Amino acid sequence: MLEFADIWNVLFLRDYNTRLVVICTMLLGCACGLMGGFLLLRKRSLMGDTLSHATLPGVGLAFMLAVALGGDGKSLPFLLSGAAITGVLGCWAVLLIRNHTRIKDDAAMGIVLSVFFGAGVAVLGMIQTMPEGSAAGLESFIYGKTASMVLSDFWILVLVTLCVLTGSLVLFKEFRLLCFDESFAASLGWPVKVLDVILLGLVTAVTVAGLQAVGLILIIAFLITPAAAARFWTNQLDRMLLLSALIGGASGWLGASLSAFYPRLPAGAVIVLVAAFVFLISMLIGSERGVLVRWLRQTQLKYRIGRQHLLRALYEILEAGRSDGELTIQAVPFRQVRGRRTWSDASLREYIRRAYDDGLLEVQNKEDSIRLTEAGLAEAAQVTRNHRLWELYLIEYADVATSRVDRDADMVEHVLGEQMVARLESQLQTYRSAGSLVPASPHPIVPGD
Amino acid sequence: MTWYVMDTWIVVVGALAATACALLGNFLVLRKMSMMGDAISHAVLPGLAIAFLITEARASLTMFLGAAVVGVLTAVFTQWISRFGKVDEGASMGIVFTSLFAVGLLLIVQAADHVDLDPGCVLYGAIELTPLDVVWRPRYFGTEFEVPRAALVLAGVTVLNVGFVVAFFKELRISSFDPELATTMGIHSNLMHYLLMTLVAVTTVAAFEAVGSIIVIAMLIVPAATAHLLTDRLWLMVVLSVVFAIAAAVLGHLSALIVPGWVGFTDTSTSGMMAVASGVLFTLVLLAAPRYGVLCKRLRKTEAAAF
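Chain order of the listed sequences is A and B. If you count by my numbering, then the first sequence holds residues 1 to 449, one letter each, in order. If you count by my numbering, then the second sequence holds residues 1 to 307, one letter each, in order.
Excised from the complex, chain A in its bound form (with noise of 0.2 Å):
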C-alpha cells in the first residue's frame, strides 16, 4: 500500500532515485509545450512526429562514422549531433518542399518522415552485419529510456530549455506575426524563411534533446497535445504559450510521479495520458473555445434572435390592425404568430416562455393567444427600429436588391453591438419619418417574409 509520506517525497522530489526523472520530464514539458504553441498556430503539429523520424539515419551514420574513426560508437555527443543534422535536413528539406512545390505540408511532412526514416532503417540494417557487435540497442536511441535518465541528460535538457526559452522571448513578436500572418510578417520585409528556419530549429534542439531522454512519442505527445489544450482556454498568444509551457510541466511532473508509485507503469505512457487527460478536460470546458462554452454561446445567440424575431412579428401584426393614430396593445392569436415566419411549433413556444418569463408578454386563452406588455412593446418597438434601419442603409449604401434585404437585415442585425446600432441610427437620421419613433418599413411586409 502505498504510504502517504512515499507521495509526498515524490511529488516534491525527495526522493533521489526519482528526482531525476521527475525533474527532466518537467524541464522537457515545459520547453516542448512553448514550442508547441507556435507549431500548432502554424498548422504544423506534425512536424514533432517529422523530425524525430527524420533522427534515425543521422544517429546511424554517426555511428558508423564514429566506428570508423576509431572511436566509440556510442558516444553521446557524436549520436546527439548526427541526429540534429540530420533532423535539420529533414525540416529543410519540408520547408522546400513546400515552398517550390504544390505539395502542400502534411504530404511534405510524411514525405520528409517515411523517406528519412526508410534511410534510417536501411543505414541500421548495414550497421547490424558489422563486425563490431556494439551496435545492438542503437535504434532503441529513439526509442527513449525514460526511467534510467543520467545526470547528463538534465544538463542537455537545461540548455535546450534555457535557449527555447531565450529563443521564444527574444523573438516573440516576430514569431507571433509568423504565425498569424505570414505573408503580411513578409511584406513588412522582414526575413519570413530565416524566422522560420530559427523556430524549425529550436523545435529541432528539443526534439533531439528530448528523444534519447524519453522517446519518440512522449516528443510528439508533448509537443502537440499541451499547445492543443492552452488553445481552448485564451485567445492571446503570450497566455496560451505560458499555459501550454505549463501543462506540458505538469502532466511531466504528474505522469513521472505516477510512474514511480506504481510498478509496471512506464513513464512516457503514463505521461502521454495525463496530457492527453488535460486536453479532454479542455476541450469540454476550456473557458474561451471549449465544447461547453462555445455551445452555451450558440444557444444565448439563438434565444436572442428567436426573442427579436418574436417581438418584430407581434409589433408588425399590430402595425398592420391599427387604423390610424397611436398603436394599441391587443391580443394576438398564436396561429397568426406562427405564420410570420418559417419556425416551429416548439421553437416558437419556448420564445414565448422566455418572453413571459422575462415579462415582455401576457399569455391568455391557454396559449392560445399572446399580448404584448408595455415593456414587450417598448423592446419590440425598439427590435423592428433597428431592422428597418438596416433595411434602409442596406438599401441606400450597400445596394442590396430590395427583395433580398430582409433576409440580409436579419442576417447582420443581430450580431450587431448596441454602439453599432447608435452609429447606424445617427447616419440614418435623415430617414427617421417625423413623428414615428419606428420608420415605415421600406418594403411591403408579408406573412412568412
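These aren't lab readings, by the way, just hints derived from the structure by calculation. Careful, some of the hints might be misleading.
What the hints assert, rightly or not - Just so you have them, the derived chain A footprint on chain B, three or more residues with Cβ under 8 Å: (1) 70-80; (2) 269-279.
Unchecked claim - Quick partial rundown of chain B residues pointing at chain A, CB under 7 Å, derived from the structure: (3) Lys-32; (4) Met-35; (5) Thr-55; (6) Thr-98; (7) Ser-99; (8) Phe-101; (9) Ala-102; (10) Leu-105; (11) Leu-107; (12) Ala-111; (13) Gly-261; (14) Gly-264; (15) Phe-265; (16) Thr-266.
To be verified - Here are the computed distance ranges between Cβ atoms for each label pair: (17) His-100(A) <-> Trp-262(B): 45 to 55 Å; (18) Arg-338(A) <-> Lys-170(B): 55 to 65 Å; (19) Gly-339(A) <-> Asn-190(B): 29 to 39 Å; (20) Trp-190(A) <-> Leu-295(B): 22 to 32 Å; (21) Ile-54(B) <-> Val-150(A): 20 to 30 Å; (22) Asn-190(B) <-> Ile-285(A): 24 to 34 Å; (23) Gly-71(A) <-> Ile-54(B): 47 to 57 Å; (24) Leu-129(B) <-> Lys-173(A): 15 to 25 Å.
Just so it is clear, the structure is predicted and the values come from calculations on it, not from any experiment. Note that CB positions come from ideal geometry on N, CA and C, so glycine has one too.
Fit chain B to the given chain A structure using the hints.
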C-alpha cells in the same frame, strides 16, 4: 549480386503492398490527411494488445481485426476532435495516435507477467521473411510456384482497393475536392470519408503485418505526391502513383542488394530502401516535372525576365 526466386517474391509482395497503399494515398494527399498512415500504424497497438489478451494467442486473424477496428477508431476520434473541438486536423491526429499508443503500451506492460508480447516483433512484419511463409503451391507450365501468404493477403487488399477506387471514382473525386458540392449533389461525403478511412486502416494493418510499417507510411504518401507533381487529372494521377509505387518496390529491392556493396556491406533492409527509392523518384520528378517541377519553373521565370 545473385537473384533468387525469393527475391522475385520479395519484389512482388513489395509491389502489391505499394500498389494497395498508393491507390488510397492519392485521396489522402488530396484531402490533406497524408499522415493518417503514420498515425494508424502507431495507434493500432492497443487493438493488437487487447486481441492478444482476449485470445491469449498470436492468432493472426483476431489481431488483424483488433488492429483494424482501432485503426478506424483513430480516424473517427481524429474527426470528432477536429470537428467538435475545432482543433487543427494534424494536431488532433497527433493527440489521438499518441494516446492510443500509450494505452497499448500500458496494456502490454501490465500483461507482461503472463504473456510474451513484444511490440516490436508483433507489430512489424519484415518483408525479407515473407517468402518463407508459403501457403499455396499451384503448378503452372510445369513449374511449381511457392506463393507466400503475404502475397495472397496483399493481392486481396489490392483488388479490394482497386474495386473501391473504380466503383466510387466520381464520388471520391468530388468529395475530395469539394465536400460541400458533393453534399449538395446528394453524395454522402461523410460516408465516403469513413469508407476511405476504413480501407486505409485495413490496408495499413494488412500491409504492415506483412511487410512492415515503413513501406506503408511511405507508399501512402510519396507515390501519390510524385504523381500529383506531374498531372492535374485525377485518373492519371492514380495510374501514375501505381506506376511509381511499383517502380519504387523494384528499385528498392535492387538497391538493397547493390548499394551496400559500394560502401563495403553485403546487403540491407529492403523496406527501408523501398522508402528511399520512392524518395529518390520523388526528388527527380520534383526537379524535372514539366509543369510543376522546380527546374522548369525557374527556367520559365528566367525566360519571362529576359522577355
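Hints versus structure:
1. 70-80: violated (count 0)
2. 269-279: holds (count 9)
3. Lys-32: 5 Å, holds
4. Met-35: For Met-35(B), the interface hint holds, since the closest Cβ of chain A sits about 5 Å away, which is under 7 Å.
5. Thr-55: Violated, about 22 Å.
6. Thr-98: Holds, because the Cβ-Cβ distance from Thr-98(B) to chain A comes to roughly 4 Å (cut-off 7 Å).
7. Ser-99: 4 Å, holds
8. Phe-101: 5 Å, holds
9. Ala-102: This hint holds: Ala-102(B) lies near chain A, its Cβ roughly 4 Å from the closest one there, short of 7 Å.
10. Leu-105: Constraint on Leu-105(B) satisfied, holds at 4 Å.
11. Leu-107: 9 Å, violated
12. Ala-111: 9 Å, violated
13. Gly-261: 11 Å, violated
14. Gly-264: Violated. Min distance 9 Å.
15. Phe-265: Because about 4 Å separates Phe-265(B) from the closest Cβ in chain A, which is inside the 7 Å limit, the hint holds.
16. Thr-266: Constraint on Thr-266(B) satisfied, holds at 6 Å.
17. His-100(A) <-> Trp-262(B): 45 to 55 Å: 30 Å Cβ-Cβ, so the 45 to 55 Å window is violated.
18. Arg-338(A) <-> Lys-170(B): 55 to 65 Å: Since Arg-338(A) and Lys-170(B) have Cβ atoms about 43 Å apart, the given range 55 to 65 Å is violated.
19. Gly-339(A) <-> Asn-190(B): 29 to 39 Å: 36 Å, holds
20. Trp-190(A) <-> Leu-295(B): 22 to 32 Å: 29 Å, holds
21. Ile-54(B) <-> Val-150(A): 20 to 30 Å: Check failed, 39 Å falls outside 20 to 30 Å.
22. Asn-190(B) <-> Ile-285(A): 24 to 34 Å: 27 Å, holds
23. Gly-71(A) <-> Ile-54(B): 47 to 57 Å: 49 Å, holds
24. Leu-129(B) <-> Lys-173(A): 15 to 25 Å: Given about 55 Å between the Cβ atoms, the range is violated.
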